Structure formats: structure tokens, C-alpha cells
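**Student:** The residues making up each chain are set out below.
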Amino acid sequence: MHKLAHILRLGIKELTSLRHDSVLLLFLFYAFTVAIYMPAAGSVIGVHNASVAFVDEDHGQLSRQLAQALQPPQFQPAAPLAYDQLDKVMDSGQYTFVINVPANFQADLLAGRQPSVQVNVDATAMSQAFMGAGYIGRIFQRELLTYSGQADVASRAPATLTTRALFNTNLEGGWFLAVIQIVNNITILAIVLTGTALLREREHGTLDHLLVLPLTALEIMLAKIWSNMLVVVLCTWLSLEVVVKGMLGVPLAGSLSLFLLVTALYLFASTALGIFLATLARSTPQFGLLAIPVIIPMLLLSGGSTPLDSMPQWLQWVMQGSPSTHFVSLSAAILFRDAGVNVVWPDLLALAGIGLLFFAVALARFRKSLAS
Amino acid sequence: MNGLALHATGINHRYGKQQALIDIAFSLPAGTRCGLIGPDGAGKSSLLGLIAGVKKLQAGDLQVLGGSIEDRRHRNSLYPLIAFMPQGLGGNLYPELSIRENIRFFATLFGLSKADCDQRMHNLLLATDLARFADRPAGKLSGGMKQKLGLCCALIHDPDLLILDEPTTGVDPLSRRRFWELVESVRSERPQLTLLVATAYMEEAEQFEHCLMLDRGKLIADGLSHELAAITPSGKLDDAFTHFQGDSAHDNQPLVIPPRENGNSDIAIEAHDLTLRFGDFIAVNKVSFAIGRGEIFGFLGSNGCGKTTTMKVLTGLMPASEGSAMLLGNPVNAKDLATRKRVGFMSQSFSLYGELSVRQNLVLHAQLFDLPKADSGPRIDELIQRFDLSHIADQPSGKLPLGLRQRLSLAVAVLHRPEVLILDEPTSGVDPAARDDFWRLLVELSREQGVTIFLSTHFMNEAQRCDRISLMHAGKVLACDTPDALQQQFHGDTLEAAFVTCLEQAQGAPETATPNETVSAASAPPISKRGFSLARLLAVASREGKELLRDKVRMAFALLGAIFMMVIFGYGISLDVEKLAFAVYDQDQTPQSRAYLEAFRSSRYFAEQPPITDSAELHRRLQRSEIKLALEIPPGFGRDLYAGRQPAVAAWLDGGMPFRAETSRNYVEAVHQANLQQLAELNSTPLSRPAAAKLETRFRYNQDVVSVNAIGPGVMALILAFIPAMLTALGIVREKELGSITNFYATPLTRLEFLLGKQAPYLAVSLINLALLVAMNRWLFGVPFKGSGVTLAFGGLLYVLATTSMGLLISAFTRTQIAAILGTMIITSLPTIQFSGLIVPRSSLEGAAALMGMLFPAGYFLDVAVGTFTKALDLRQLWPQCLALFGFFLGFTGLSLVMLKKQEA
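Protein sequence lines correspond, in order, to chains V and B. Read in order, the letters of the first sequence correspond to residues 64 to 435 in my numbering. Read in order, the letters of the second sequence correspond to residues 999 to 1903 in my numbering.
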């Protein structure tokens, strides 16, 4: 009973400390509003709003038609460009795709001389190069068929294909990105806040002081974890309601309460990780540097920013050990696919297992670091 | 210069609602010595800070050495003329640096030549008895030794005004004596030197001819010490102080200590041959003593002799190397929570929660010690009353003056009515009246409640009050007896004399500076360069560099972290989608449908899972993310195909992860398209005439569309945003949090020197990182390098200049290290990961996202890195990006200059 009271009290102390750091609160606010809204509102996933320039040396009706065929949302309106600028704009990355229609294109086409349209692709734009080239190819093929009076060919195809996306019919990139941003910010906050709070106590000598009080390492740790959990879960909930649902208008299909529960579980795992890192570092500057190679891979390689399946097998295994991988997968499943516990239990179990493991290791190290 | 050193009129100063100084007016002739006395929280430190130019004057007029302190030009010319030693145990020192290096750093800031510096340092170290420890890091010194080092740092240049804020707090009597001898010898060299000292020792204040008395922000008396003292019959300054105070806030009854009854012979604390080693150094050497229950046992000794360490062993904070320690009949055990509840401990440095108020700290501890609710409220009120904390009960404790913080620590230590109190210099920095109050409480606890009290002190009148005292030196107990017996043993007129004799015997002949040997060097006084000074910049850079080099772990994290991230991102970030898990829901099951599906099955982009049998299963398996794509063939597909009825195949995608879904759709459409020809043949109807025009697609710069060729150089931009910014982000805020920022306020160091000096070592580390990353891209990942290496190096230099200065800006803006780390992470991650062009080309960003990408340096360096690696570019094409990066450096540094204040608010 006393133990619970201690944990409660120490946690409240953490909350009071947090309230007094106005700059920190400002960052917290930014993380759950601007940092969610901005990427989601201006989101670009895959071939979306791709920049195209059009070098038209033919100036015919067909070339104009081709230029106009590239439409939003996949493409920006094609910008006219002089031929001698082609290399320059590609070098500078100003345009990802530059299309070149040679002189006499239309005449050659009509004369059956099979002229070529050149599509230059900046292949360093990894997310768009390959797919975008495919789109342009199919669009141009259709236009050329239409022009040469074979418009009915398309309708005479032996079979048609309709693609439908479940859970996010229009493949709105922003929906997913908004949730991923929340996941990312939770990761940063959980690890950094607990880790630095612990080191701060050590640097200010308050940790020494705690140790002459009738407190155990477990109580000190749990107090830090619950207080951080409370703050972050609350911020997450507000952010989902106000920013994601309200301002961005994302229809979240799944159960918010299940998601918040999972968030709390994730926080348990990631704050334990933060404490573990803090026991490895001897000062706050060390911690800051140690946190980077842990946090940034969690942001980039958990399946939220780049597909998990395309990583080498060994790295996929490594990332299975990161709580963030399971959290990303749980977030997508719960929020977009409306999956319940009966569906997501394997990830849930993995997250809980990793959390407990981290907690146990952190506790052992924390005890040891206190004793020395 | 025989005018006035100081002239103040109408000075007012407030912190928020709290009025710290009210209408202060006084003047002080040059060349005088002046003591500043007053209770804790009277405003002494605020006044000294204003005079030193460290705090910004809010209201009133203050002339220092012939000019207004508000005039920036005058203030600049004052820095070399003022030496300021702030309050606190060495908060302005650099813990990683040795004593020698600390002093040398200050010497360079004040423009001393190396020879001058060495000469002075030699004398100062001898005079303060620190020469033996010259190479020990300041962080490993005891509290009193830090004070002495602080004084050495203040005296390294020739000031006209020496401002010392409680310089001898926590300094042992022998060192204190030498300390004042040292100050006197400086004064004899510089007769124009004005000395202004805040002190809690009345006997020190009595030595000075001038005296200022402050009480609750008001100057209550100002004049010659002997005249002020003569007002009361005792002729003592502290009585005079009470007189001027008007009301008798403290009843000045002399403290009477009833004799200890010898009825109780239990032993409460016992140490037997206690030894503690740190490596070769023996901090505590076979210390033995036994303290009876209810006894007040004093621990005296020179600074750094092992008093604190012994106390920490007794509380279980440090394990003993040898010997045994018993507390209340049990061996000391760190895990014994029950014993902890019976002990109260107060450490030398303030270790309560600064952000909590006085009352909140007490309430927190009452709960942690499980005091019953009914009892804790009255108990806390009683202590707040007793320690005279009621007027500040709701203020954050961290901002309080030292003396008030000490009182709070004491209140916390006795809060839970412990049976044993272990107090490490509990009264250091506490004013005399409050000290007496505190002793009344101790006596009451000891005599009436039988509480055992073990304390260390440097005040001889306190030592006199102990039942027994033990003299410690260099880890050993020299003598242990009642104060009177010790005084006789060492033939001293006073206990202090006895103590000094004892220490001198133990140390051998005193190694002080001989009278002929003067402290100040004979050479011309150093001329501190005004405006920008490269020497000062280099001093800051070399100090920061030394700290970094000594912190091997930090260096390793900075370098290995970059290598680690390059490896996993180089392999891990790939936007290719392969082996997409798909399943078919073939409702037709004819040769035609199988032929159509075969194209998907044989593609490397798709990996087939067991087939689907009904539409509910299709939905369920997509929901479970077992499959990312389901192909649904309608019934009668083969028949309709032959009949030319255009059967419709449906592809179901998991839209939960849009990027993957879109890629999948692209693949499915491509395979379907290729399939059409085959289907047409099955159908034996020609699909179309030969294509009228050809489409030539040229993938430029990266013909094979290999992810790493584009991602690898891009990842450099990512890593070189995070690590350099994190390196510098703590640079300034750490000094703010730990206190050494005062040196920036109090020395001629300019803002630009400070910023650039801090940046230099981290810039060097970041350049090593850059070289490592380029090498890894080239040779580990085999990314072909086609462009100009010089351009990449130049662009890289500009980029790390920009990112390190961004870190400094965050550091100048934030108040705590937590905020700085979090801010760096949060501010850097979004524009670097999402808007730099690493994953999505910047040319397809619009609106706020595009703006954010433009306002952050990462995208520009990404252009440089990708451009030089894959596009064979050089400075002719990349100069706008380089210019932009340089612009960021200028902009960030400019903003830091604005954010960084040369005076405390």
C-alpha cells in the first residue's frame, strides 16, 4: 500500500516538474499539433504531385494533348521547357520527369514512321521514378491509341481490371502519415523524457537523495513510467480527436480506446528503453548522442516510413525486436482496418513481451547503477 | 583613482512578484574593504550580481569604478577590472577540467600571458594549499576545495574591484585563515583594490573597515564597522545588526546546552577500521569511532579530508572497501529500507527538487516517509514556522538563496523524526541567527528525544557545542574527545587555535607563500583586448575540446552512432516493393483463369499465399495483414473471355499503408497489361495494331534504379543533421543548468567568441563524421562517385557549420537540458525525414511542407550529396545550395547572438 502511495507521489512530482518547464511544454504542443498536421496535410506518398516538365519541339495538337493528359493528383501540370534547359533542370532536381516530344512527331506518327517520345526520369527520386514512369507510359499509350482512332480498343480489351483499396479507398497518404507522425513523436517523447529526467536527477544529486529515502528502484522507475504514460496518452488522445479527426478529417475506423490502451503498452516498453539508455550514459550529453542511433532507426525502419518487407531479412528480424515495429503495425490495424484484439493479439503479445523484457533489464541496470 | 569605487542610488530589483532589493543607496570609496551582512534571502547575492554586471539592472542608478553599469561600453571596459566569485560550491567551475586547467582558462579570458599565468597560479595554489591536487579534476574536489579554486580563478587577474559572495562557506579554519592572508597580500600590491565581501562570519566582517547591512531587501545600515558596532554595548556587529533590524525577529537569548545525561550508553553509530579507496587514492583510512545514543558528535577537518565520504558510507550510499559500520545496531545495508526510515540525512549540496516549492518538497517527503496524513500537516506547518520559511513557502526552492535552501534541507532531514541524524555541513551558508535557531532544535532533539546527531561543520562555535568532536585529516582521525579536552591537548587559547595547531602538526611545515613572494606578477598588467579576440575564442574552444576528448564515451557515441546508422539505413531504406503477399480468390477455376493468374505467380514482385475460398475470408485476411493484395476472378471468367464479354478481375488492396498499396496497384496494373496480349491470343482476336509510337524511358543518374545509390548519399544529410546538432545543443544550456554560465556573464568573453568557440570542437568531430560517411558510401555500399569531391567537402563543411549552429541556437533558447534534447529531436526529425527529399522529392512538396523543407538545411545538402555522387555535378551547378547552407549558418548564429544575453535577467 505504501509502495503504491510512493509511486503515486513521485509520479505527481514528475508532473509538477514538467509543468514548470515552459519551453518543454511548447515542444510537446508542437509535437502533437503542428508536427502532425503539417506532414499529413502536405503529404506526398508514392506518385503524387510529381513535377513534370515538357519539352515540346513539335508544337502539334497531339503533343499538347499528351502534355495535358498528365493530371493531378499524380502529376503537377506539365511545365513547358526549352530543350537546352533539359539537363539543367534534371541536374538541379527541379523536375523529376522531363518529357521530350521531338519535332515532326505528329507528322511522323501519321506517316506510320513510329516516332519516339522520350521520358527522362530522375532515378534518384526513389519513391517516384519507377512507378511514375509506369503511369506515364500507360497514360501516353491510351492517348496515342485514342488519337490514332483506336479509342475503342481499350473498351475491347479481353478482360478489365478494377483495383479497389480497402480501409482507405482513395489511398490518402495523409491519413497514414498523421498516425505515423503520432507514433514517431510518441517514440521520441517516451525515450527522451524519461531518460533525461533520470539523468537530470543524477546530475543534480537528487538521485542520491532519493536513495537515502525508504524507496526502492522499482518505485522510482514505476513513478517515472506512469507519469510519462499519462502525459503522452493524454496528448495522443487529444491529438487524435482534435488534429487527426477534426482538422485533418481522417475517418478513423477503429476503436480509439483500444488504440490508447496499446499506446500505453507501447509507452511502458519505450520508457523502459529510455531508462535503460539512461543507465548506460553517465551524463545528459552522452544520453543525447546515444538516443539518436536508437530513436532514428525506430522512426525510419519500423514500417511506417518505408516498407518493412523490402528490408534485408536480417534487418527485418532485428526490427521485430523493436517495440515500434509492432506499434506501427498495431496502429494501422486498429485505426484503419478496424481490427480487434482477436486479430491483433500476436503483435500485442510481442509488444507486451518486449516491454517486460526491457523493463526487467532496465530495472536490473538501474539498481546496479544506483549501487555503484 | 581615489574617488568612489561604488555609488548607488534608488536600486530596486524584483524577481516576478518578489521584491529582492528596495531603494538601495550607498557609496564606497575606492581602496576600502567592505563586508556585506544580512540574513539569508536579504538580497546580498542580487546586489553583488548587479555590481558585478552579471545581473541586469532593473531600476536605479549604479556607478561602478567611475561609470554607469548600464552603459554597455563602460561595462565592457569593466570586465577586466572586476573579479567576481559567485556563491555556491564551485558552480562556475568546469568539473572535467583539472585545477590547473580551470585557472588557465580564466587567465586566457583575461588576456594573461602563459608565463604570467604560471607564476600567479604557482603562488595562488601554494597559498590555498591546492598545489598537491593541481591535476585533479574539479569535479572530484570537496566542497571547500572548490571554494578555494573559485577564489584562485577570481584572483588570477589584477582587479580593481574584488567581489566575493560568501567565499569561505564550507572552508576549513586553517584554509580560511590562509585565504584572507592571500587576499591581504593581493591588496598590499594593489592599494586601489576595493574589496566587497558577503559573509556569514561576523568575525570576518569585523575585520573590514566598512560594513553594509541588508535585511529583507533594504539597506538598514551603512558605515564604518567600528562605529556601527559601537552602537550596542557588546561592541559586536551581530548585536548591532539586531539593533538596526528594529523588531526582534529572533530572540537573541544565548544558547544554553544542558549537559548530557550519561544514563544511556547504547551505541547508535559505530565505525570500525572503515576504509574506502578510489583506485589508488585512500579517501578514508581506517576510521573508527563510536557515537552514543543521544550524543551530538561533531566532525571537523580540513577540506577534502574524507568527512563527506565517511558519512556517505554510514548512510549506505557508498560501500566500504574494508572495515565495518553499524547503524542502530545493524550493519549498514543499502537495501535496508526500515533503517532508512530511522535515519535523516542531509548532503552537502542541495539535493531537493528545485522546481517544487518549499511546501511541496516537505509534503512530498512526508508522503515518501509514510507520515500519517493527520500528523504530516501540522508537522510541516511546525517546521515551516520553526525554520522561518513561511514567507517563501510557496516559492520554487531552486531559486532560493543558499542559506534558505540549507534550511529547507534541514527541515526535510528532521521531518520524519529520525532517531539518527547525519548532517553534512548543515549550517554552511546559513546566517548566524538561523544557525542558533537550528542548534536549539538539535539540542532539543538530542536532550529531550534522545536523537543521535552526527554532523560536520567548519564553525568553531558549533564545534564547541558538540558533546564530542573528532578531528580528521587526509582520511584519518587525528583526535577524538570533548572540545575542552582537545583544546587542552593542543594548547590552544581557543578551539580554533587548537584545531589549526593540530592540522599544522599533521601537515608538517606550512607551505605558504613567503611574505616576500608576492602573488601578483611584477610584469605590466594584462591588457584585455576589447571587441573580438581570437585568443579568448580559442580558450573556449580548447576547453570545450578538452571536455569532449576526455569524454571518450561521448566521442564514441558520436562516431559509432553515425557508422551504425549509415549501415542500417544503407541496407534498410529501400522503397522497392518485392514479394508482395497475395492470395487469389478464383471463383472460376478454369484453364483460362489459371493462365491469367500464372503471370502473377511467376513475378518476383508477388509471393502467393494459400488461396481464398470466400469473400468474408478475403476481407478477414486483408484485415489481419496476412496478405496485402487479393485477386478476385469472377465466376465464368473463362467463358466470358471467349464470348468477348469482358470479364472484370478485381484486385483488392490493403489501403492501411498507402505507399505500399499504390506500389502494389502499379505492379498489378503492369502485370495485367502484359497479360492482355496473352489473353487476346487465347481469345484469338487481335488486340491492336502495332504501336503507332514508341516510348523511350531513360532512367537518368541511376540507370538500374538501385535504392542505395540515391538513399546512401541522402542518409548522410540525415545523420549530419542529427549528430552535430545534438553535440552542440547541450553546449550552452548545460552551462546554464550547472552554473558555469556565470563566467560568460562576468568575463570579457563576447557572445560571438563564446558561440564560435563552443562550435569549433564539434565542427571538427562532425567533419570526421562526414569523411567516414563518404567513405562508407563509396566503399561499403559501392555507390559510384561521379562529381566533384571538393564540392562535396565544401558543401559538407557548410552543412555541418549550419547544423552545429542550429544546435547552439536551440541551446541558447532552452532552459533545461531535457528541453534541448527533446527540441533537437523534434525540430530536426520532421523536416529531415519528411521534407528534405530523402524519400519524397522536394519538387512535389507544396504549401507549408515545401516551406518547411526550404527553411531547413537538410534538403540543400541532400542536393549537394546526391548531386556530387550520382549526377556528376560540381560547384558550377551547386553554388546556390552552398550559398543557402552558408546563409543558414549566418542566420542561426545571428539568432543565437540575439537569444544569448550577456547579463542575467
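Just to be clear, a hint being listed does not mean it is correct.
Claimed, not checked - Part of the chain B face toward chain V, derived, beta carbon under 8 Å:
{"no.": "1", "residue": "D1479"}
{"no.": "2", "residue": "F1555"}
{"no.": "3", "residue": "R1813"}
{"no.": "4", "residue": "T1814"}
Claimed, not checked - In silico PhoX-like pairs for lysine-lysine, Cα to Cα no more than 20 Å straight-line:
{"no.": "5", "chain 1": "B", "residue 1": "K1053", "chain 2": "B", "residue 2": "K1015"}
{"no.": "6", "chain 1": "B", "residue 1": "K1734", "chain 2": "B", "residue 2": "K1054"}
{"no.": "7", "chain 1": "B", "residue 1": "K1054", "chain 2": "B", "residue 2": "K1900"}
{"no.": "8", "chain 1": "B", "residue 1": "K1784", "chain 2": "B", "residue 2": "K1053"}
{"no.": "9", "chain 1": "B", "residue 1": "K1544", "chain 2": "V", "residue 2": "K66"}
{"no.": "10", "chain 1": "V", "residue 1": "K66", "chain 2": "B", "residue 2": "K1339"}
{"no.": "11", "chain 1": "V", "residue 1": "K431", "chain 2": "B", "residue 2": "K1333"}
{"no.": "12", "chain 1": "B", "residue 1": "K1112", "chain 2": "B", "residue 2": "K1784"}
{"no.": "13", "chain 1": "B", "residue 1": "K1216", "chain 2": "B", "residue 2": "K1371"}
{"no.": "14", "chain 1": "B", "residue 1": "K1054", "chain 2": "B", "residue 2": "K1284"}
{"no.": "15", "chain 1": "V", "residue 1": "K151", "chain 2": "B", "residue 2": "K1544"}
{"no.": "16", "chain 1": "B", "residue 1": "K1474", "chain 2": "B", "residue 2": "K1734"}
{"no.": "17", "chain 1": "B", "residue 1": "K1138", "chain 2": "B", "residue 2": "K1371"}
{"no.": "18", "chain 1": "V", "residue 1": "K66", "chain 2": "B", "residue 2": "K1371"}
{"no.": "19", "chain 1": "B", "residue 1": "K1900", "chain 2": "B", "residue 2": "K1734"}
Because the hints were derived from the structure by calculation, they are not lab data. These numbers come from a predicted model, not from an experiment. Note that beta-carbon positions come from the ideal geometry of N, C-alpha and C, so glycine has one too.
**Student:** Identify every previously stated hint that the structure contradicts and give their numbers, smallest first.
**Tutor:** Of the numbered hints, 1, 8, 9, 12, 13, 14, 15, 16 and 17 do not hold.
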